[in-house]
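**Q** Below are the chains, spelled out letter by letter.
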Amino acid sequence: MSNTTKLVSANLKKRYAKERRFKFYGIFSITLSLTFLLFLLFDIVSKCLPVFTQSYVELDIDFAPKYLNLEEKSSYSKEELFNANYQKLINNSLYKLFPEVKARKQKRILRKFVSSGAQYKLRDLVIDNPKIIGDTKSIWLLTDDDIDSFIKGLIDENAPESERRVKDFQINWIKSLQAKDKIDSKLNINFLTNSDSREPEQAGILGALKGSFYTMLITLLLSFPIGVGAAIYLEEFAPKNYWIDIIEVNINNLAAVPSIVFGILGLAIYINFFGIPRSAPIAGGLVLSLMTLPVIIISTRVAIKSVPPSIREAALGLGASKMQVITHHVIPLAMPGILTGSIIGMAQALGESAPLLMIGMVAFVADVPQSFFDPATVLPVQIFIWADSPERAFIALTSAAIVVLLVFLFLMNLSAIILRKKFENKQ
Amino acid sequence: MKDIKQNLTQELDQTSGNPLLEENIKISCRKVNVYYHKNVQSIFNVSFDIAKNQIMAMIGPSGCGKSTLLRCFNRMNDMIEECVVDGDIKLDGENIHSKNIDPVILRASVGMVFQKPNPFPKSIYDNVAYGPKLHGLVRNSSELDDIVEESLTKAGLWKETKDCLSKAGTSLSGGQQQRLCIARTIAIKPEVILMDEPTSALDPIATATIEELMYELKSSYTIAVVTHSMQQAARISDRTAYFHLGRLVEVNDTNTVFTNPVHELTENYITGRFG
Ligand SMILES: Nc1ncnc2c1ncn2[C@@H]1O[C@H](COP(=O)(O)OP(=O)(O)O)[C@@H](O)[C@H]1O
Ligand SMILES: [Mg+2]
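As you go down the protein sequences, you meet chains R and S in turn. For the record, in the first sequence the residue sitting at position 157 is 157 according to our numbering, with numbers rising by one throughout. For the record, in the second sequence the residue sitting at position 138 is 138 according to our numbering, with numbers rising by one throughout.
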């Protein structure tokens, strides 16, 4: 063995050991982060499961005009029907079910057995079909969130009564109804079709989801073309001078500005100065574009820089003009990088709540927004609002909203990845 | 020391050989100077002619400005900021820097093949079809097919690729890629082809193929080729120009340059004593 070989083989073991150690560190950290991720997902998903079902109670509703506070006549105007007292129908039916309840305090609690939104279901039913007045029908109505929580087993029956939101007599009501098969759990469509509500059993994610969608759409439509255009100008056309240097430094600085500052800026400029409606997706999108723009500009510039100069030369040598070189070669080649940067910027914007609080997107919005100009809230702000609410049922709603946010993010990333694959395959 | 340098410079300013031609001139340059920055000059006072349907080889040690000069002929240096070219360069008697010549049109008639094969990351077909489509040379797809076939045939690549035209150009071997680049260049039917060390990244067999190809192309095109291989220059070129430190030292028929060089520097270079 030559001297060199000896020296090398003496060291070789150490070198391989180092390699193995490094590999181990890598695997260890990946396993650790995967564990955390799985734990988080498991926690969120298991907490959100109760949202998928809701408990309903079957009540025999007597649509007698006297209970509706209506005079007896053959037909009623729409307004009369709209203003009739439907809560009274429910109350009556509940009193009939439990005639033993006499005390005023208990009666009040009994009235709250059914969700306060149930009366609107009856109202819609009557307005749709006024002939029902005078009849008695059995109808499934949504239970109150506390009752629902108990039925789902989320409230411990063995805890002392004073620490329980559902008292012993309420539990007896539930049990007697269950014995009569008058309580059933059904799929919860409210969560997907409603906007926010003070009553957890009626609260839904659709408003925030649409708000987020509109806001993201505005952000994308503004920041993608402007960002890519600015990056192309700076990279390909801008003269090398003092002003351009200043602009470059400022773009890099903008990427590091805390997001809440953009919220204050948006409040001052968009809302107070330009009079853009408060709490609207258009305002949110404008503010979030300020945040995503620098990210998109920086990543686009990096992507453009990494296009090999030999490709530009080849196209120029064939007689392509500068603009043709850019549109035929530089942008398609830079597209995967541009998309990656944009998706990072958009994902950040999707999860952002602080700047939106500044422009009023934290308001309680009970209507699903129908356009860019309607008051709306967005998913992360909705999560914040629900997490802040005291009712027990909001815990599940919070987790479910997080799941919806994650799914939204996943779909957004997926579409970007599919687009990127398309561009990569083209080449 | 400074004296020696000055002497060399003075001596170098007189080009020996036959730089200027009487007739059959395709490209002529007179007193061309190129500056990359205000006070960094890369080409000094170069004057010579390139004859039609001939191969002009440009040789010299690396860094002597061969590529820089070659890139003047299709105004590729315009793209480099701060690069200034002065002097007269004429293509068919017309100054290429004059106002009525657009660099885009110039580059359509003066094609270029680069040192490193640089096919577009597209299919073989699209690589060749890019130029004709860009300049609107074809009216329909069958004409385009014809041009692609013709160019690939001329570049000696048709047989190998006719069954896989949709394969990526970048998936070919180095030699095939360079022939693809040549096909791409001749697809726009230029009059002059500039080649900057087209075989320096290739193995001997691929090099031989390309050299043969250049020899065949000579009948229809004027070719200016930069090479650092003297053997290549001797094998393929009709005339040879030797450059040194940005100056043209000697131009003549290739035979004369290699058998009977006038300048001492040329002799040293071709006998391999330096460079
Ligand atoms: N883009 C450029 N910017 C500044 N200087 C350059 C550039 N390209 C080449 N040069 C300089 O010009 C001189 C000639 O280079 P080049 O023409 O590439 O030489 P060759 O092709 O003969 O090896 C070298 O000194 C080189 O440093
Ligand atoms: Mg060179």
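By construction, these hints were calculated from the structure, which means they are not laboratory data. The structure displayed is predicted, hence computed values, not measured ones. Glycine is no exception: its CB is placed at the ideal position from the N, C-alpha and C atoms. Misleading hints may appear alongside valid ones.
Derived pair list, reagent style PhoX-like, types lysine-lysine, alpha-carbon separation capped at 20 Å [as the list claims (entries may be wrong)]:
#1 133/S to 322/R
#2 137/R to 66/R
#3 66/R to 47/R
#4 73/R to 112/R
#5 121/R to 182/R
#6 96/R to 137/R
#7 175/R to 96/R
#8 38/S to 421/R
#9 121/R to 102/R
#10 175/R to 152/R
#11 167/R to 121/R
#12 240/R to 38/S
#13 210/R to 112/R
#14 52/S to 90/S
#15 102/R to 152/R
#16 122/S to 422/R
#17 162/S to 122/S
#18 99/S to 322/R
#19 422/R to 167/S
#20 122/S to 421/R
Just some of the chain R residues that point at chain S, by a computed CB distance under 8 Å [stated by the list, open to error]:
#21 21
#22 157
#23 310
#24 314
#25 329
#26 333
#27 335
Pair ranges (Cβ atoms, derived) [to be verified]:
#28 243/R to 201/S: 25 to 31 Å
#29 201/S to 31/R: 29 to 35 Å
#30 371/R to 166/S: 43 to 49 Å
**Q** Just tell me: holds or violated, for the beta carbon distance of residue 243/R and residue 201/S against 25 to 31 Å?
**A** violated, 41 Å
**Q** Quick one, are residue 122/S and residue 422/R close enough, alpha carbons at most 20 Å?
**A** Status holds; Cα separation ~13 Å.
**Q** Given a cut of 8 Å on the nearest C-beta pair, is the interface hint for residue 310/R held or broken against chain S?
**A** holds, 4 Å
**Q** Has the given pair, residue 96/R with residue 137/R, been kept, meaning a C-alpha gap of at most 20 Å?
**A** Cα-Cα ~14 Å, so holds.
**Q** For the pair supplied as a hint, residue 122/S and residue 421/R, confirm whether the alpha-carbon distance does not exceed 20 Å.
**A** holds, 15 Å
**Q** Given the proposed pairing of residue 167/R with residue 121/R, does the C-alpha separation stay at or below 20 Å?
**A** violated, 27 Å
**Q** Taken at face value, is the distance from the CA of residue 182/R to the CA of residue 121/R at most 20 Å?
**A** OK: residue 121/R and residue 182/R at ~18 Å, within 20 Å.
**Q** Does the alpha-carbon distance linking residue 121/R and residue 102/R stay inside the 20 Å limit?
**A** violated, 27 Å
**Q** Checking hints one by one. Is residue 21/R an interface residue toward chain S, by the C-beta closer than 8 Å rule?
**A** Hint violated; residue 21/R Cβ to chain S Cβ min 38 Å, cut 8 Å.
**Q** Check whether the Cα positions of residue 133/S and residue 322/R lie no farther apart than 20 Å.
**A** Distance of about 16 Å is within 20 Å: holds.
**Q** Residue 162/S and residue 122/S were given as a pair; does the straight-line alpha-carbon distance stay at or below 20 Å?
**A** Distance of about 16 Å is within 20 Å: holds.
**Q** So, residue 314/R near chain S? Judge it on the closest CB pair being under 8 Å.
**A** Cβ of residue 314/R sits 5 Å from chain S, so the hint holds.
When the structure is compared with the earlier hints, violations turn up for hints 3, 4, 8, 9, 11, 13, 15, 21, 22, 27, 28 and 29 and for no others.
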